[in-house]
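Enquirer: Each chain, letter by letter, is given below.
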Amino acid sequence: DVKVTQSSRYLVKRTGEKVFLECVQDMDHENMFWYRQDPGLGLRLIYFSYDVKMKEKGDIPEGYSVSREKKERFSLILESASTNQTSMYLCASSFRTANTEAFFGQGTRLTVV
Amino acid sequence: QQQVKQSPQSLIVQKGGISIINCAYENTAFDYFPWYQQFPGKGPALLIAIRPDVSEKKEGRFTISFNKSAKQFSLHIMDSQPGDSATYFCAASILGNQFYFGTGTSLTVIP
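Chains as they are written, first to last, in the numbering used here: chain Y, 1 to 113; chain L, 1 to 111.
Keep in mind the hints are simulated off the structure, nothing from the lab. Among the hints, erroneous ones may be present.
To be verified - Going by beta-carbon spacing under 7 Å, a handful of chain L positions derived as facing chain Y:
no. : residue
1   : 34
2   : 43
3   : 95
What the hints assert, rightly or not - To give a feel for the contact side, a few chain Y residues facing chain L, derived at Cβ under 8 Å:
no. : residue
4   : 40
5   : 41
6   : 42
7   : 43
8   : 48
9   : 50
10  : 94
11  : 97
12  : 99
13  : 100
14  : 101
15  : 102
16  : 106
17  : 107
From the three backbone atoms N, C-alpha and C, an ideal C-beta is built for every residue, glycine too.
This is chain Y alone, in the form it adopts within the complex (with noise of 0.2 Å):
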């Protein structure tokens, strides 16, 4: 059974404190992604990663920063985190190739007070 598994479902951090969400997929994939979703705006890409020690910015960069040493392994990082990062972050990675899915982790709710 193939996994995408995010390291916490919640989290509770205050402003300013640096964050870590970590992410391991066990699918040999070639690319990972950190998204964040929130109500009204879908799934908004914030990094991803198509190789080890590899990123791409995504649509939301701001505030964030991401880390891939090892294929299976994609973390994301709250520098300094604000109350605008509260939201719901979800990793999920896939085959670097056509008609291919994206395999989602079950998401880390965080919050920022």
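On the provided structure of chain Y, position chain L as indicated by the hints.
Expert: Here is chain L on its own, set in the frame of chain Y:
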């Protein structure tokens, strides 16, 4: 700029009825159009998908209709059931490298 536009935002259907969700896109480079279903507290999961060289794909009660010339595609759920109540996202991708999602449709099926 929204790459994939989805409507309606919410939909209420009687049990046994047909649910229809519509999406439109502009980028003709998209080569795959998946639909995802998301239940509360869960990540989205693939429901059904179609390539642009196919006009219709059916899997059980779920059908995608694809109009390449109009750059539109839609999801039809036949004989809608309360268990279908969820949020549905259409998406479009290019070589699996990026997935662009619609804003989602919250479907409620009333018993």
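Enquirer: Could you run down the list of hints and mark each one as holding or not?
Expert: Hint check:
1. 34: Holds - the Cβ of residue 34 of chain L comes within 7 Å of chain Y, reaching about 5 Å at its closest.
2. 43: Nearest chain Y Cβ about 3 Å off; hint holds.
3. 95: holds (5 Å)
4. 40: holds (6 Å)
5. 41: Given a least distance of 6 Å, the restraint on residue 41 of chain Y holds.
6. 42: Residue 42 of chain Y check passes; min Cβ-Cβ to chain L is 4 Å, inside 8 Å.
7. 43: holds (4 Å)
8. 48: Holds, about 7 Å.
9. 50: holds (6 Å)
10. 94: Result: holds, 5 Å to nearest chain L Cβ.
11. 97: Status holds, d = 5 Å.
12. 99: holds (5 Å)
13. 100: holds (4 Å)
14. 101: holds (5 Å)
15. 102: Check passed: Cβ of residue 102 of chain Y comes within 5 Å of chain L, closer than 8 Å.
16. 106: holds (5 Å)
17. 107: holds (5 Å)
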